[in-house]
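Chemist: Spelled out, the chains give:
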Amino acid sequence: MDELKEVIKNYIINEYLEPDSEPITYDTPLISGGIVDSFSMVSLKRFLENKYNIQIPDEKATPEAFDSVNKIAELVREFTKA
Amino acid sequence: MSNFGSYEERVKNFSWAISEQELGYQPGQVINIGWYCSDRICQLGKADKVALIWEGFTGERKVFTYNDLRLYSNTIARFLTDLGIKAGERVCLFMDRIPELYIGFLGILKTGAIVQPLFSAFGEESLFVRLENAQTSAIFTQKKHVAKVRKIRDKLPHLKHIIIVDYDGKTPLQDREVAFSMEGSEKVENYEVYPTYAETPSVLHYTSGTTGMPKGVQHVHYSLISQYITAKWVLDLRDDDIYWCTADPGWVTGTSYGIIGPFSLGVTQCVLDSGFSAEAWYRFIEKNRVTVWYTAPTAIRSLMKAGDEIIKNFDLSSLRHLASVGEPLNPEAVNWSIRVFGKPFHDTYWQTETGCIVITNFPGMPVKPGSMGRPFPGITATVLNPNNHEPYPEPGRIGLIGLKPGWPSMMRTYWNNEEAYKNKFRNGWYLTGDRARIDKEGYFWFVGRDDDVINTGGHLVSPFEVESALLEHPAVAESAVVSKPDPINMEVVKAFVTLKPGFTPSKDLELDIMNFIRKKLSPLAMPQEIEFIDVLPKTRSGKIMRRILHAKEWGEEIGDTSTLENE
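For the protein sequence lines, the chains are C and S, in the order given. Going by my numbering, the first sequence opens with residue 26, and the numbers climb by one from there. Going by my numbering, the second sequence opens with residue 56, and the numbers climb by one from there.
No wet-lab data here; the hints were simulated from the structure. One or more hints might be untrue.
Claimed, not checked - Think about it this way: if two alpha-carbon atoms lie no more than 27 Å apart in a straight line, the pair counts; the simulated BS3-like pairs of lysine-lysine are:
#: 1; chain 1: S; residue 1: K574; chain 2: S; residue 2: K555
#: 2; chain 1: S; residue 1: K360; chain 2: C; residue 2: K96
#: 3; chain 1: S; residue 1: K199; chain 2: C; residue 2: K70
#: 4; chain 1: C; residue 1: K76; chain 2: S; residue 2: K539
#: 5; chain 1: S; residue 1: K342; chain 2: S; residue 2: K367
#: 6; chain 1: S; residue 1: K199; chain 2: S; residue 2: K210
#: 7; chain 1: C; residue 1: K70; chain 2: S; residue 2: K360
#: 8; chain 1: S; residue 1: K101; chain 2: C; residue 2: K30
#: 9; chain 1: C; residue 1: K30; chain 2: C; residue 2: K76
#: 10; chain 1: C; residue 1: K70; chain 2: S; residue 2: K539
#: 11; chain 1: S; residue 1: K101; chain 2: S; residue 2: K242
#: 12; chain 1: S; residue 1: K101; chain 2: C; residue 2: K85
Claimed, not checked - Covered stretches of chain C (chain S as the covering partner; in silico rule of three or more C-beta atoms under 8 Å from a C-beta of chain S):
#: 13; segment: 58–72
#: 14; segment: 75–89
#: 15; segment: 92–103
Think of the CB as a built atom: it goes at the ideal place given N, C-alpha and C, for glycine as much as any other residue.
Just need the whole structure built from these sequences, with the hints factored in.
Modeler: Given below as structure tokens:
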């Protein structure tokens with residue numbers, strides 16, 4: 026199990042999904058699937074920045090980069106390595 | 056040659072009777088938007104013409120002809136009638152952009168009930184205040200949104216039916232819930248459409264103001280006359296067009312020009328039920344050969360941000376006419392579209408209250424980048440002196456945009472709030488709440504709002520509503536909400552808060568408050584930034600001075616502070 030992906034997935038389940046929603050996977054489309062909209066993406070970005078003590082520049086915070094748990098984890102890893 | 060032709064000729068010869076005649080409507084006759092958008096098109100020999108091409112985010116695709124629109128809207132109407140829904144009752148649509156939303160809109164109108172579309176991203180509090188205010192009888196929703204309705208239903212005694220359109224039987228239905236499958240039900244060939252007339256209420260859209268709770272803007276079936284002719288002349292819709300309006304029918308653009316305008320013209324339109332991504336949007340245009348595209352400045356700026364390179368991967372040559380709505384369209388966006396699409400976006404200006412486009416850049420006329428354009432024929436628009444509400448006699452003066460009431464889709468009242476409605480008029484003019492100037496050629500140029508309402512991504516957010524919700528967070532003692540500039544959404548919500556004893560500012564507390572508002576009201580209303588301060592600027596009488604905080608955010612002069620309490 027990938028701990029980073031689990032943290033992101035659980036946060037999305039707890040914060041953005043209603044009870045009884047369909048389960049999500051690491052590949053579930055989040056932005057294009059309407060689970061997280063572009064306004065809510067700001068709070069998800071803020072969560073990642075607070076949790077991992079990183080700064081994600083706005084130009085990197087695109088709908089494409091936030092469209093699945095896998096892609097978000099990739100983005101976070103890029104900045105935690107830096 | 057555009058449908059519109061010459062501005063001067065159209066203004067000179069204009070009468071709303073042109074639209075009435077094209078629709079085959081005579082004053083005093085029955086007029087029902089649901090019928091005009093489905094049955095009438097079939098009667099014109101277009102029953103097999105594609106009305107709606109729908110695509111979900113997974114790529115699932117459905118196609119509906121005008122005959123399908125007729126049959127399914129009949130089916131929905133019959134279902135509601137069998138439930139006991141009567142003319143004049145409010146029926147809410149609380150769904151994503153699925154086919155049931157578009158066809159349900161027509162079905163509800165066929166029963167004579169009033170349709171109340173609400174944005175599916177609304178949180179429970181936003182949903183509650185709108186359903187309570189309208190005393191809504193029934194709500195159409197989906198499994199994914201029903202949890203929000205369940206949280207508030209006990210406080211809504213008028214809500215008799217919660218209709219779930221995609222019920223799968225995995226969990227039991229609860230109090231007042233009923234399952235309904237549009238495509239799974241027996242199609243209703245004949246439904247006796249309720250005989251609504253010109254002034255019969257049709258649509259109730261909620262909008263935010265500076266003070267007080269959201270107001271229900273009430274429209275009537277006669278609005279069709281404006282929506283039909285503006286869709287034809289401003290959006291230049293023609294019989295062979297493939298039209299894409301990106302707006303959600305939870306907002307007025309999504310109903311006036313995402314349902315009523317195109318369907319009353321018998322045009323084929325397509326809908327993408329998906330979140331934003333530049334690639335997905337360009338692919339959608341290419342795949343469906345979209346010819347007319349009506350979108351919003353926020354989306355255009357997001358496409359600009361995605362860059363020009365990506366455009367080269369798609370064949371967008373089908374695009375014929377581009378238009379924009381929701382907030383002022385900056386000149387850079389117009390110039391960008393000329394460069395990458397070979398044609399400009401045409402800015403259109405209107406409001407929930409106007410029901411139709413009232414000031415616009417017309418197809419076939421030169422676009423002045425950054426300008427709102429000129430008044431639609433039949434609309435008298437001016438810029439008023441804010442002191443006496445008289446039109447400025449000379450061009451170039453900044454004042455309030457005023458409209459002479461009387462066009463067909465003008466709101467008829469605010470639901471149960473006649474006082475607020477009357478307060479929108481001065482000296483015989485409807486006050487839009489926006490400021491502008493007019494140039495020597497009669498083009499309007501937007502300057503800004505005349506109040507504290509925040510226009511974020513084309514959606515109005517009431518600072519009062521956000522401030523009230525903030526006070527319900529356990530850590531917040533006081534709050535003030537203003538807009539701050541944003542490169543994509545024009546402006547976004549920013550909150551200033553003071554904390555109760557025992558709480559200290561932190562990044563985690565900021566995020567907690569943001570999420571609290573997002574869930575309670577909506578993602579649009581969520582402050583994108585929260586600033587913790589010790590004391591809010593107030594007058595000596597204790598009123599929070601939002602304008603000082605606003606000026607700080609926008610780098611403007613703070614102005615007179617003589618009434619400031621702590622000065």
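Chemist: Hey, K76 (chain C) versus K539 (chain S), does the alpha-carbon distance stay inside 27 Å?
Modeler: Holds - the C-alpha atoms of K539 (chain S) and K76 (chain C) are around 26 Å apart, at most 27 Å.
Chemist: Sort out whether K70 (chain C) lies within 27 Å of K199 (chain S), counting only the CA atoms.
Modeler: holds (23 Å)
Chemist: Please work out if K70 (chain C) and K539 (chain S) have their alpha carbons no farther apart than 27 Å.
Modeler: holds (19 Å)
Chemist: Are the Cα positions of K101 (chain S) and K85 (chain C) separated by 27 Å at most?
Modeler: Violated, because 48 Å separates the two Cα atoms, which is more than 27 Å.
Chemist: Are there at least three residues in the segment 58–72 of chain C whose beta carbon sits under 8 Å from a beta carbon of chain S?
Modeler: Since three or more residues must qualify, the claim that chain S covers the segment 58–72 of chain C holds, with 11 doing so at under 8 Å.
Chemist: K101 (chain S) and K242 (chain S): Cα distance at most 27 Å?
Modeler: holds (19 Å)
Chemist: Holds or violated: K70 (chain C) with K360 (chain S), Cα cutoff 27 Å?
Modeler: holds (18 Å)
Chemist: With a C-beta cutoff of 8 Å, work out whether three or more residues of the segment 75–89 of chain C approach chain S closely enough for the coverage to hold.
Modeler: Check passed, 5 qualifying residues.
Chemist: Is the Cα-Cα distance between K360 (chain S) and K96 (chain C) 27 Å or less?
Modeler: Holds. K360 (chain S) to K96 (chain C) sits at ~19 Å (cutoff 27 Å).
Chemist: Take the C-alpha atoms of K199 (chain S) and K210 (chain S), compute the straight-line distance between them, and say whether it is at most 27 Å.
Modeler: holds (21 Å)
Chemist: Against the 27 Å threshold, does the CA-CA distance of K574 (chain S) and K555 (chain S) hold or violate the hint?
Modeler: Given that 27 Å is the threshold and the Cα spacing comes to 22 Å, the pair holds.
Chemist: Is K101 (chain S) close enough to K30 (chain C), meaning Cα to Cα at most 27 Å?
Modeler: Violated. K101 (chain S) to K30 (chain C) sits at ~52 Å, over the 27 Å cutoff.
Hint check: violations occur at hints 8, 12 and 15; the rest are consistent with the structure.
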